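Chemist: Chains A and B are the protein sequences, given in the same order. Using our numbering, the letters of the first sequence map in sequence onto residues 1 to 170. Using our numbering, the letters of the second sequence map in sequence onto residues 171 to 344.
Calculated from the structure, these hints are not laboratory results. Do not rely on the hints blindly, as some may be mistaken.
Label-pair ranges, simulated between beta-carbon atoms [to be verified]: (1) B/Asp253 with A/Thr17: 43 to 49 Å; (2) A/Met99 with B/Ser280: 41 to 47 Å; (3) B/Ile297 with A/Lys77: 25 to 31 Å; (4) B/Lys292 with A/Asp21: 56 to 62 Å; (5) A/Phe24 with B/Glu243: 46 to 52 Å; (6) A/Ser114 with B/Leu204: 32 to 38 Å; (7) A/Glu140 with B/Arg285: 29 to 35 Å; (8) A/Ile22 with B/Leu204: 17 to 23 Å; (9) B/Thr329 with A/Asp21: 29 to 35 Å; (10) B/Arg285 with A/Leu26: 36 to 42 Å; (11) A/Ile22 with B/Thr329: 49 to 55 Å; (12) A/Ser114 with B/Ile297: 28 to 34 Å.
Below 25 Å or equal to it, Euclidean Cα-Cα: the simulated DSS-like pairs (lysine-lysine) are [to be verified]: (13) B/Lys300 with A/Lys137; (14) A/Lys85 with B/Lys279; (15) B/Lys300 with A/Lys120; (16) B/Lys318 with A/Lys133; (17) A/Lys133 with B/Lys241; (18) B/Lys241 with A/Lys137.
Given the structure is predicted, the values throughout are model-derived calculations rather than measurements. A virtual CB, placed ideally from N, CA and C, is assigned to each residue, including glycine.
The chain contents come next:
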Amino acid sequence: MNLAKKQSNDEIVMDMTPMIDIVFQLIIFFMLLMDMSQKDLETLVLPKALSAVEDKPNPLDPRPVINILADGQILVKREVYYDPKRDDGYKKLKEYLLMRSRAMPKAPVEPGSSIIAPDKPILVRADQSTPFKHIQKVMEICGIQDIKIWKIELAAGQEKPAEGAAAGGN
Amino acid sequence: MAIGVGSSEESLEMKGDMTPMIDVVFQLLIFFMLTIKFKLLEGKLSAYLPKDVGVNQTQAEPKEKVEIKLKVEREGSKLMPDDSGKPWEGEGAFKFGPDRVIRYSVGPKSSLEMREIVARVKELYKIDPKGSVTIDPLPGTCYSDVVKILDEVILIGYTDVSFIGDKSALYEKK
Chain A
1 MNLAKKQSND EIVMDMTPMI DIVFQLIIFF MLLMDMSQKD LETLVLPKAL SAVEDKPNPL
61 DPRPVINILA DGQILVKREV YYDPKRDDGY KKLKEYLLMR SRAMPKAPVE PGSSIIAPDK
121 PILVRADQST PFKHIQKVME ICGIQDIKIW KIELAAGQEK PAEGAAAGGN
Chain B
171 MAIGVGSSEE SLEMKGDMTP MIDVVFQLLI FFMLTIKFKL LEGKLSAYLP KDVGVNQTQA
231 EPKEKVEIKL KVEREGSKLM PDDSGKPWEG EGAFKFGPDR VIRYSVGPKS SLEMREIVAR
291 VKELYKIDPK GSVTIDPLPG TCYSDVVKIL DEVILIGYTD VSFIGDKSAL YEKK
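Same shape as in the complex, but just chain A:
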């Protein structure tokens, strides 16, 4: 009887320290991996391109990133700037690009040219099935006299060289 009583009073203490250590390590891993700059980028299926160069945006000098969904909806930083269902003549997008264009450094379009225009590009990201007319519309707005953004970058998925060598045959 005594023996039984003694056993029931014994406390089993689990050492939680290693588990907490591991959990904290995991949290730090996920926090570091979660790139907050990704809010510029909508989830789109980009077409693949062999010549696509790796995009290394400068976090200290963010450029305008225009996301165009398959239905023509235009988003900038998760905010809808144009919706084909509520056509506002691209007013909001024009205002945004005008504001960004004014903030960009200016340089001659060509060496020796008298035409001064923003010297930085914008990044256009569109879904692979987006009708190109929507991208052309953004380009058209970029070409407006007050905006004058003439350098654009088109986003594409990077194709692996091995796949490309087989498909491209260059």
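Chain A is fixed; fit chain B onto it per the hints.
Modeler: Chain B alone, transformed into the frame defined by chain A:
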């Protein structure tokens, strides 16, 4: 955690209850695991807008340009964007099936095979490596059609690539 007070038998034990902390930590862990979005392997292709429209009000220099026209001959089937090959469900993004047919033209040469046009553009590049290319996607073309040909043009070696504006309005009038 145990703190011994003096050397007497009566020792004051302070036990921190770890349960709430572990609960919170697990909640955080689950949150990060669910919201994590791994960095996309993404690249970019540089291009320019026509300098003789909008930006440049002066007359453009007469310069030899290679103009590639893209025209949709057959729209093709719409499939789910994942590579499952299932037909599109009518909502959200989609991709075109392999039955999509695009006609490519460079000057008088026209073909449904992109490689034939690429071969012609290569010849033109050998003649004038400093020349420029203009891509004219006619209404109906989509982003992937344009990126495909733009990719080939850049691979050939052209650095000056521009686009022609939207002609949908013209086609609608017709």
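Chemist: Just pull the numbers of the violated hints for me, sorted ascending.
Modeler: 3, 5, 6, 9, 10, 13, 14
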